[in-house]
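> Chain by chain, the residues:
Number of protein chains: 2
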Amino acid sequence: MSVERTLIHFPLDPASRQVRLALGEKKLPFTEQIERYWEHPERLAALNPSGLPPVLIEARGAIQTVVADSRAILEHLEERHPDYALLPDDAQGRAEARRLIAWFDRKFTDEVNGFLLHEKMEKRLLGLGAPELSALRRGRESLRQHLRMIEDLLTHRDWLAGGVLSLADLAAAAHLSVIDYMGEVPWEDFAATRHWYMRLKSRPSFRPLLADRFPGLPPAAHYDDLDF
Amino acid sequence: MSVERTLIHFPLDPASRQVRLALGEKKLPFTEQIERYWEHPERLAALNPSGLPPVLIEARGAIQTVVADSRAILEHLEERHPDYALLPDDAQGRAEARRLIAWFDRKFTDEVNGFLLHEKMEKRLLGLGAPELSALRRGRESLRQHLRMIEDLLTHRDWLAGGVLSLADLAAAAHLSVIDYMGEVPWEDFAATRHWYMRLKSRPSFRPLLADRFPGLPPAAHYDDLDF
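Chains Y and S supply the protein sequences, listed in that same order.
Counting in my numbering, the first sequence runs from 1 upward without gaps.
Counting in my numbering, the second sequence runs from 1 upward without gaps.
A portion of the hints provided could be inaccurate.
Identical chains blur together in the list; that is why a pair holds if it fits in one copy or across any two.
Stated by the list, open to error - Derived DSBU-like pairs (lysine-lysine); straight-line CA-CA distance at most 35 angstroms:
hint : residue 1 : residue 2
1    : 107       : 120
2    : 107       : 26
3    : 27        : 107
4    : 26        : 201
Note that these hints are calculated values from the structure, not bench results.
Note that the structure is a prediction, hence the values are computed from the model and not measured.
Chain Y on its own, in the form it takes in the complex:
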């Protein structure tokens, strides 16, 4: 039976972007529904009590499966749609991919996005005024530390978790791509990371993300340039 798939997401939300990339890599078509989650839409709260995107709905005839939280959706997609696998076959590779997803979802979010995205995007959405320079500086310093970590991994690996593209790459790219939209990634100082990101950017799964535009907040000039 064919599956009708709907993704509830917000274009500049890193968690939502991970799922869009995974669906793209797995060539699973979906209808999108964009939710401005900071306005606390009831429709979203009914599907996910935490009120956050992304939420994936899969309908097989009358049977509907609702999956909330990006990591829950990624595990669901791996289990139910194993074609174009996004976790390595071996236990150590899977562990490494999952460790890195957790790293980006928790540590990168707290130390980088919590400053840069908060100051440059969330404050605008919530009408909280201009970015604070000290917070931007703190986010930028942390971003450099995280980029050094990525650069170290990529000096002895093709992809973040090892020899194959995995959810770890999608998680990292999703987070970095939003920061890149703001023009905040110092690519020139991280050659291996820039090359890795260029390879990801060229994949068909990335195209919809490069087309995202947020009203009143235009992207950096190089944002959708495949050879930046």
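We have chain Y; now place chain S onto it with these hints.
Relative to the frame of chain Y, chain S by itself:
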């Protein structure tokens, strides 16, 4: 080939406790190694760059698998040790269990443990002085909201994610058990949650947690009482 298993953990860390409970439910024996993570031990950083417990090491002869991050470990255990499954069979049940793990690991941690555990345990460990009353009050108010959410789920379900015990129950119990050690759970106002916790507390997997004692910080009188 037999597996030698080592868990690096800290007794009062909710993430570590989830993994101890899962290993207990799956009847998988392990050696434990306790790490005072706030002292930044090198041994831990070498296994998990984020410097946080838990880390699981499984050795099959010369082949060693290192799994860091509680959710990565829980997924690993489900995949590699499917006996005594801790995720429901159906996609919706699995999604619900994973949504709730994310809820506790992110939302409960930020809104409750970030205040109560920080003020009552972390400040003591780090020598940061006495708890702040306003922070304790905020944590206690949030705890009541989370307990109401749990109570609502348990009025129409036997276990948090549905009809069977799952990782969602272990995640919730791990977080609540540390708060309970501090005597901070108002059980008397949440009858269904208290009954659910009593059932969990009586399970053999819970016994090691009830025996935990932190020097200088004795548990609440009822902490290891099965009929509290």
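> Look at each hint and say if it fits the structure.
Against the structure, the hints come out as follows:
no.: 1; hint: 107 / 120; result: both (19 angstroms within a copy, 23 angstroms between copies)
no.: 2; hint: 107 / 26; result: both (27 angstroms within a copy, 30 angstroms between copies)
no.: 3; hint: 27 / 107; result: both (30 angstroms within a copy, 32 angstroms between copies)
no.: 4; hint: 26 / 201; result: within (16 angstroms within a copy, 42 angstroms between copies)
Hint compliance for this structure: every hint is met.
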